Structures are given as C-alpha cells and as structure tokens.
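If you read the protein sequences in the order shown, they are chains A and B. No gaps in the numbering here: position 214 of the first sequence is 214 in this note's numbering, and each next residue is one more. No gaps in the numbering here: position 136 of the second sequence is 136 in this note's numbering, and each next residue is one more.
The hints are simulated quantities; they were obtained by calculation from the structure and are not laboratory data. It should be emphasised that the depicted structure is a prediction, and the values quoted were computed from it without experimental measurement. Positions of the beta carbon are idealized from the N, C-alpha and C atoms, including for glycine. It is possible that some hints are incorrect.
As the list claims (entries may be wrong) - In silico EDC-like links for lysine to aspartate or glutamate, alpha-carbon gap of 20 Å or less:
no., chain 1, residue 1, chain 2, residue 2
1, A, K357, B, D33
2, A, K282, B, D73
3, B, K137, B, D23
4, A, K104, B, D59
5, A, K357, B, D73
6, A, K357, B, E57
7, A, K105, B, E57
8, B, K137, B, D30
9, A, K105, B, E60
10, B, K137, B, E22
11, B, K86, A, D229
12, A, K357, B, D59
13, A, K83, A, D154
14, A, K105, B, D161
15, A, K232, B, E88
16, A, K338, B, D161
17, A, K357, B, E79
18, A, K357, A, D281
19, A, K232, B, E79
20, B, K86, B, D34
21, A, K105, B, D59
Stated by the list, open to error - Where chain B lies over chain A, by a calculated footprint (3+ residues, C-beta under 8 Å):
no., segment
22, 191-201
23, 214-227
24, 230-236
25, 367-381
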Amino acid sequence: MDTHVSHQSTTPWSDLVIQDRERHLFRVSRRAFVDEAILEAERRAIFDRCWIYLGHSSEIPNNCDFVTRAVAGRELIFNRDHKGIVHAFLNTCPHRGAMVVREKKGNSRAFRCFYHGWTFDGTGRFASRFGEGNYGKEHYSGCADLGQVPRLEDYRDFWFVNFDGNAVPLADYLAGAKEYIDLVADHSEAGMEIVGSGQQYVINANWKLLAENSIDAFHGFPVHSTYFDYLKAVGSLRADQGNSNFTASGMHDLGNGHAVIEYASPWGRPVARWVPSMGEDKRAHLEELRRNLIKRFGEERATRIAEFSRNMLIFPNLVINDIMAITVRTFMPDRPDKMTVNAWALGTRDEDRDLRKLRLFNFLEFLGPGGFATPDDQEALENCQRGYRNAREVGWNDISKGLPRQGPPMNDDEEQMRCFWRQWQARMGAVS
Amino acid sequence: MNGDVGLSPATGDTSALRGRIEDFLYLEADLLDDWKIQEWFTLFAEGAIYEIPPTGESDESDPASSLFYIADDYARLRERVVRLTKKEAHSEFPRSRQRHMVSNVRITGLKDGIADVTCNFVTYRAKRGVVDTYYGKHVYRIDCSVEPFRIRSKRSILGMDMLYPGKLTIIV
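Construct the entire structure; sequences and hints are all you get.
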C-alpha cells in the first residue's frame, strides 16, 4: 500500500485527492473541476481505458438497425449487421475522414460515405465496386474497412466499448455492479427496452459533478423539497414497503469505483409498487406483477425489486437509477465546465399502454430538463462550477460525511462519492 | 392539428378571429414575461393539457409511448405553477428574466368555436449572464366560444435538435 501511495505522489495529479483517515477528512481539489490539463489527462487515463457505456440492445432490435452516438470523445456507429451481430465502428471514412453515417438512427444493409461514395457493409467491410485500375489488391484486404472500436462487450443488453485493447473483460470490470444490473434487468421475463428516444441536454458544469450528484442522497431533501411537496399533493407518497420483512438502506462499494445506494421508496414504482395516485384501477395489475416476481424470485428478492430504489454509478459516467422510473444516463465532458447528457427511460418490454404511460409520467415528473427535480440538480451543479471561480482562495471540496461512523455507511453519507474519487485518483495517478 | 392547412379554414374569412387570437396569445406572452404565472394558469380551461415532446420526433408524438420533456395534465400543470412560485424551485431562484415572441399565427381548424392554432415562438431566458434561446412552434386548441378565451391544449414543439439550454424550467 505504501509503495502504491509513493508511486502516486510522483505523478502530477496525485495531490488532488486527500484522504486523512486519522482526522476523518476527505478532500478533493477544485482544480479537478476547472483545469483543461486535468480534463486532457482524464481523457487518456479514464475515457480511453475504462469500459464506457455505448447503448442498449433494444435500440437496435432488428438486423441492419443502427444508431450513431458520441461516446468517450469519439463519433461511433452502434449497429447490428445482416446476421444480427452487434458492432461498434468509428464513424469516419477510412478514405478522407468524413463521418460515414449522418443520421441519428435507421436501418440499412450498407453505409455509404456521401463524400466520394465509399461503401461499407454492416460488418464494416469495404463494399464498393470500383473498376480495375482504381485501387490495387491491398485496398480490398482490410485497409479500407471501417475502423472497429477495439473492444465491445455487453452485460444483459447493456453494451460498453473500451478503447484499450488490453482492458480486463467487461464482466470483471463491472464487478459488484453486475448484481445491481440484474436487479434492473430482472424486472420482466420479457426483457427491458429503451422507451422512445432519449433526452439530450447540456449542463454547464464539470462531468464529475453529475457523477457525484446522481448517487448523492444527502442533497435529496434540501434540493428537491418541491418534488416531495408535489408527491404529497397528488397522493404519490407511501411509507410502508408491503407485507415483507425485507429491508435495505445503505450504500455498497461495488468495486472499481462503482457504487450504489439502496433505500425504501417513498414513491410508487411501475415495476410493482402501487401508490394511491396511480388509481385503484391499476392496483390489481401491480399486485399481479408483484405476485409474478415472487413466483420467479421468492419473497425477499421480489420485495427488493418491487419496493426498493437504487441509484448506481458505474465508473466513470454511467448512471442506472432504478427509482420512480428507471433512467439510464451517461454524460461526456465537452470542456472542464460543460458536459452533454444523454438520458433514457428504460421500461419492461411487455408493458401495457397504461403502465407504460405511468412509467413515463413518473419519469418526467422528477427527471429531465422539464421535471420537478432534475433542473434543480442542474442549478446546483452549475452553481458549484461558478463557485469554483474562487478555487484559488477556497480550494477544496469536502467529501467527509460519515467517515467517523462505526459500522456500515448510511446512504446519505458520502462514501459512494469517495469510492468514485479513490478510483479517479488511482487511474489519474497512473498517467504522467 | 387536424385542420386543413389552406389559406383559411372552410368557414371562410377568419382574419377577425385571428386578430382576437393574436391578442390572446400576446396577453399570454405578457403574463409569462412578467412572471404572472398564476394568472397565466387561469388562461387554461379545466382539464387542459400542456406538453413539450422530445426534440427530433414528429409533431404527432404520443406521451404514452414516447419520453416527453413535459406532459402535464391539468393537475400536474397546476402543481408546476405552484412549484414555480416557491423559492425552493432553485433553478428559478432568483428568477430568470424572460421575453416571449409569438409570430406566424394561423388558424388551422375551426369547429363550434374551438380553434386549432399554430404559431412560431422564440423565447429568451436570461440568468447570471447567460442567455438561453428556445424556439419552435406552439400548437394550441383554444376555446373561442367563451369570454375570455380558454386554452384546451398547448403543445410546444421545440425547433432545436437538442436541448442546448439544459433546462425547461420556464414556460416557453
């Protein structure tokens, strides 16, 4: 451990996180949020080496479906070829560099670059037929194919890319997070799907502020009182957790910088937790869904899936929050003080229209730019970013809450953020 | 919404009605500019809806199958207004400054005094030295058979290809 620490102290970014166990202090330098050189180092140490979320299988359900997406600073094509095999390509023509696919999504057996007409099939292979004399043999032996992302793997329909060919397998990287992805993926035997198109918006704040915020229970009541007022006003609050002894409240370090908080839901959940505002007509349906979960998983796990909420961060930039609805959210830095957020709603594949509508309404009441909560998070993040203009005089964030606690951390402690920052420090410590 | 998109609906010359509708829309814009949000809510008929569909989808998107930014029934719209009156609606405290522009007003359908109306909009929101611009098309159903007119539905279809301002905390 000592050698590890001394190794870190030789790198330029090692002093940005200070852990003082004796004094119960955990501090992060505000330079980490404002410095362009640090963002550049993050691109190399984190976004070029970690498994980064690309998309969900349900976004390309049919053979030859594709979507295009900016991921980890690249422009990618996420597609299924004519045999149904999933690929991730770098969306740039090997000829002169133009983006080959310009639509956001579609279905096509081939991708044709509009600049000079080079064409590729769904497996990325060069597929134009130019007459003899135009290109030599070598041209057709792979050097004119679309560039493939070095690594592409999925866990239960969540697809990730890695630009480091030597990275550990995705399953190892996800570590304890797999168990919590299972808790989401098991909502329905029919599987899960992204509903409609996602929300895409800009927050003028450093990307790490959203990583912290997405799993931060400490801010819930101060920031979101108007949301809870709303739930109260419309009859969406319910305290009990059904007839079960299962209980969970706390935070789990899932390894590799991933962390989750789990807690009894104050709100309804379309998976199988009824609240009065849903209406009596839906009560029987939700109880049936719940009985089905019990049949599949037993009382304890069924209660956990139906009743409890979980906010999970998969390092560095994937959030899967299984709360009043399920949001899958990822975000990429554009500048130290600006990020673009992609957020999707995930639902069960066999959901009927009424329940789907309820799920979407549950989502947009809290989540997203027009919700009763997310905009106030955005405001908090942008306020932090603005406050960091004072970083030279007031230079450190405090992330110490819960450090002196004996026993397991509470979910409104800040241990989950410390998991993030320890991983951040370890990875940033590895670059020079 | 479902009207003919010709020069005027089947009922003939509607320029007088359009003038009254324009006055009504300018009144709405004025109330929003001045943060008279509770008065603004009184322009809506009981049971009215207010929606902002996702960017990049068709105008006919359905909030039951597509993730909207806003899909308020009358009750949620009332709560949205209540929320915006609170200091704890942090994203609008201190309040932003707004200016709502409305143009290209057309009556696309008229039946029993209920008018389908479309118009273009540009809304500016300024806060802490940042000016956000929202633009697009409003699609209204307005009950013109009552005095004052009442909005039965309002759908604001954003013209941007993504939400650059990040928030939709004001009424555009």
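Hints versus structure:
1. A/K357 / B/D33: Roughly 32 Å between the alpha carbons, so the hint for A/K357 and B/D33 is violated.
2. A/K282 / B/D73: holds (18 Å)
3. B/K137 / B/D23: This hinted pair holds, its Cα atoms lying about 17 Å apart.
4. A/K104 / B/D59: holds (18 Å)
5. A/K357 / B/D73: Roughly 12 Å separates the two Cα atoms, so the pair holds.
6. A/K357 / B/E57: Holds: A/K357 and B/E57 sit about 17 Å apart, inside 20 Å.
7. A/K105 / B/E57: Given pair A/K105, B/E57 holds - Cα atoms ~12 Å apart, limit 20 Å.
8. B/K137 / B/D30: Holds, at about 18 Å.
9. A/K105 / B/E60: Answer holds: A/K105 to B/E60 is near 19 Å, not above 20 Å.
10. B/K137 / B/E22: holds (15 Å)
11. B/K86 / A/D229: holds (11 Å)
12. A/K357 / B/D59: holds (18 Å)
13. A/K83 / A/D154: It holds: about 18 Å lies between the C-alpha atoms, which stays within 20 Å.
14. A/K105 / B/D161: holds (14 Å)
15. A/K232 / B/E88: Holds: A/K232 and B/E88 sit about 16 Å apart, inside 20 Å.
16. A/K338 / B/D161: The given pair, whose Cα atoms are some 18 Å apart, holds under the 20 Å limit.
17. A/K357 / B/E79: Measuring from Cα to Cα gives roughly 19 Å; hence the hint holds.
18. A/K357 / A/D281: Satisfied, since the Cα-Cα distance of roughly 14 Å is no more than 20 Å.
19. A/K232 / B/E79: holds (11 Å)
20. B/K86 / B/D34: holds (16 Å)
21. A/K105 / B/D59: holds (18 Å)
22. 191-201: Held - the segment 191-201 of chain A has 7 residues with a Cβ nearer than 8 Å to chain B, which meets the minimum of three.
23. 214-227: holds (count 3)
24. 230-236: Result for this restraint: holds, n = 3.
25. 367-381: holds (count 9)
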